[in-house]
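Please build the complex by placing chain B on the supplied structure of chain Z, with the hints as guidance.
Number of protein chains: 2
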Amino acid sequence: MGQNTTRRGFIKAGVAVGAGLAAGKAAAQSDPLITEVQEWNQVLGFGVDERPYGIPSPYEKAVKRRSVPWLTADPISSINFTPLHDLDGIITPNGLCFERHHGGVAEYDPAAHRLMINGLVDNELIFTMEDIMRFPRENHVYFLECAANSGMEWRGAQLNGCQFTHGMIHNVMYTGVPLRLLLEEAGVKTEGKWLLAEGADASGLTRSIPMDKALDDCLVAFKMNGEALRPEQGYPLRLVVPGWEGNMWIKWLRRLEVGDQPWHHREETSKYTDLMEDGTARRFTWVMDAKSVITNPSPQAPITHGSGPTVLTGLAWSGRGTIPRVDVTIDGGKNWHAARMSGPSLDKSMHRFYYEFDWDGSDLLLQSRAHDSTGYVQPTKDALREIRGTNSIYHNNAIQTWYVNKEGVAENVEIS
Amino acid sequence: MGQNTTRRGFIKAGVAVGAGLAAGKAAAQSDPLITEVQEWNQVLGFGVDERPYGIPSPYEKAVKRRSVPWLTADPISSINFTPLHDLDGIITPNGLCFERHHGGVAEYDPAAHRLMINGLVDNELIFTMEDIMRFPRENHVYFLECAANSGMEWRGAQLNGCQFTHGMIHNVMYTGVPLRLLLEEAGVKTEGKWLLAEGADASGLTRSIPMDKALDDCLVAFKMNGEALRPEQGYPLRLVVPGWEGNMWIKWLRRLEVGDQPWHHREETSKYTDLMEDGTARRFTWVMDAKSVITNPSPQAPITHGSGPTVLTGLAWSGRGTIPRVDVTIDGGKNWHAARMSGPSLDKSMHRFYYEFDWDGSDLLLQSRAHDSTGYVQPTKDALREIRGTNSIYHNNAIQTWYVNKEGVAENVEIS
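Heads up: the sequence lines are chains Z and B, in that order.
FYI, this note's numbering numbers position 409 of the first sequence as 528, with every residue one higher than the one before it.
FYI, this note's numbering numbers position 415 of the second sequence as 534, with every residue one higher than the one before it.
Incorrect hints may have been included.
Each pair may be met inside one copy or between any two copies, as identical chains are not told apart.
EDC-like, lysine to aspartate or glutamate: derived pairs with alpha carbons at most 20 Å apart [said to hold, decoys possible]:
| no. | residue 1 | residue 2 |
| --- | --- | --- |
| 1 | K183 | D228 |
| 2 | K180 | D168 |
| 3 | K180 | D228 |
| 4 | K183 | D168 |
| 5 | K525 | D477 |
| 6 | K332 | E526 |
| 7 | K183 | D336 |
| 8 | K525 | E249 |
| 9 | K332 | E386 |
| 10 | K180 | E249 |
| 11 | K180 | E226 |
| 12 | K312 | D479 |
| 13 | K453 | D379 |
| 14 | K183 | E169 |
| 15 | K308 | D335 |
| 16 | K308 | D150 |
| 17 | K525 | D397 |
| 18 | K183 | E396 |
If you are wondering where the hints come from, they were derived from the structure by calculation, not from laboratory data.
Next comes chain Z alone, as it looks inside the complex (with noise of 0.2 Å):
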């Protein structure tokens, strides 16, 4: 079964052909790997003792977070991302999550670590991790998606591999306390509008954050795909903000202030805002729209198996709801085709699509376009351009090419 035998090459050589001469069976006479017993099938394997913690394959290690150097002054105030063409399903394994820090990774002990609510409330509270495991909890899958995700794409197509352009995105099944419990307790003031939440770290990270978003469905999360945080995602509290930009999803959370307006805080102003064509600036768009992304082929993930039967597949996501539906178009617009969405479609989450198609050969545009559950339809980068201009680095929704070549090599490009 060499490089060119197909999925539909199997499909012809049974119902044509028959056993006898079927492709596989032809194999099996002449692969050593079939034909002899190889020395995995007469040596023991390590034991259960060997790995309290697990790790990956040794031959899984191109499988990581990578950073580009140039993108930060430094690596501490800096941005790794998710290697989202290495991966299926919606669940992004913890190792993996992208990670973006002000002031690096702190590894707090977690019996130290202290919550506080101030500000208008009727009780300032301060709480211990034990306290917060006493109330109520939920478990929910949210993505997580950087504002400035897809960000150098505003001016064109730079960066070349799906991990560097849209990295900036994991999506973890959360277990936490709702934030309203939290409030609740402290009583929140008739004229407390506004929250503030902080970080522990070197940075002291803080956003504001509209009261009904509070009280809404934003968590108080301690644990991440079961386990607890890790510590380049807050460990041992985060704020979760489903739905809206990673930034306000404040890590190592120690603070929760009420007052009755925004802070206009460094994150909020100079920083997280949309500046616009004719200079002045957008604040306060914290939700990430609907978004997808064709995750394979793309440039870190060619096609090497030549033409025939060939898996497209990709993310998309929505923080304003749920994804019912993606389209997908290897010719660069001309013919759009129905994905198929496999897996839980929960609100707020990554959901996963595929595209199976007979490739042959010739050159491929390859796009998507994800649909949410208002009804909001991705949008092109020219239709984003022509009313936000080109200053922006925040959110960048827009539909994204990858042109693949006849040797299966994928490329970002860009196309009107």
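Leaving out everything else, chain B in the frame of chain Z:
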């Protein structure tokens, strides 16, 4: 906020006393963790280039798989257990999924791995990993439970820890190709009613699987929780047999033989059959019936906060569908309460339940009872023994009891 300050305490303070005298405020004025700037607010953490593949916090080092040395002759053909008492939600992180091996863990090169389909088929076929990746894939969250899980409990309360009594289970999202598609490719002959699945490890483990199940919902999986299977879970390829005992989920899957009758190999005759009181053995008891267990409080996770608001939580699952309902008792069955379910309810997946109560500090007898979507109710140990006696090792899905004393210390006990 000392050990005895309860959530109810917070509420009372907030409502009746006012901000000035609230427990939280008093703590704020005296707790150096709040009043003094801490080291971690002044020192930069590590950067994004430090851990391309992340690991848990050093403060979480007690969260690990554990084995029981006396259970098996050596650690190669042995078992370790998922730390259920340390987890929450429904996803088991890959590094903490229990292991059961018959020849140890081998680390295979996926480029040298082959899957063969032979026997009563029109075309005997051999697939490379790349061949398999060209078929349509699906994503499903399924529990995998060893048939021997809770097996020590047939003869009474024996192992003092939820991890040891019930930890031969995990729950992850699989990505794989429906087995049906590979069998269709080979063309199963009319008389092909059984399938022998065989692993590539030194034990060459085999199991007979009826064709109806193979064509229904089985997957040939290559990813778990988004990334490649872990070596100890059969990397690069494992058979997923939803809802059925874990031993059938052949790891390092290398061969599928189609036959007209079961093979009666070791793992389906002398092992993984149910020895009855009269000395006969039930065979082919593949489905894992509905079961639940309280993970907290439990012997490894005592109540440490004293009386007052207490969170009880646990897991429930069924090999026949979903879990619409779990009942909980804290007084050994005198009163039963409907537990609160939280998280996705998925077919043949773990479900998470909670029961919050105000502990009065007296002795507790904790039990949970699962109902599945077929109407089946988890039985008592006595009810199971009445039918099956006590010779069994496998398929114990009985209600489990934890005794909690006035100090919050929990113990595995049995009550009638």
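Each hint tested on the structure:
no., hint, in the structure
1, K183 - D228, "between (27 Å within a copy, 18 Å between copies)"
2, K180 - D168, "between (23 Å within a copy, 15 Å between copies)"
3, K180 - D228, "between (30 Å within a copy, 12 Å between copies)"
4, K183 - D168, "between (26 Å within a copy, 11 Å between copies)"
5, K525 - D477, "within (14 Å within a copy, 67 Å between copies)"
6, K332 - E526, "neither (49 Å within a copy, 40 Å between copies)"
7, K183 - D336, "neither (31 Å within a copy, 31 Å between copies)"
8, K525 - E249, "between (59 Å within a copy, 19 Å between copies)"
9, K332 - E386, "within (18 Å within a copy, 55 Å between copies)"
10, K180 - E249, "between (37 Å within a copy, 18 Å between copies)"
11, K180 - E226, "between (25 Å within a copy, 13 Å between copies)"
12, K312 - D479, "neither (59 Å within a copy, 37 Å between copies)"
13, K453 - D379, "neither (52 Å within a copy, 50 Å between copies)"
14, K183 - E169, "between (23 Å within a copy, 12 Å between copies)"
15, K308 - D335, "within (17 Å within a copy, 57 Å between copies)"
16, K308 - D150, "neither (75 Å within a copy, 25 Å between copies)"
17, K525 - D397, "neither (43 Å within a copy, 68 Å between copies)"
18, K183 - E396, "neither (37 Å within a copy, 53 Å between copies)"
In this structure, the hints that do not hold are numbers 6, 7, 12, 13, 16, 17 and 18, in rising order.
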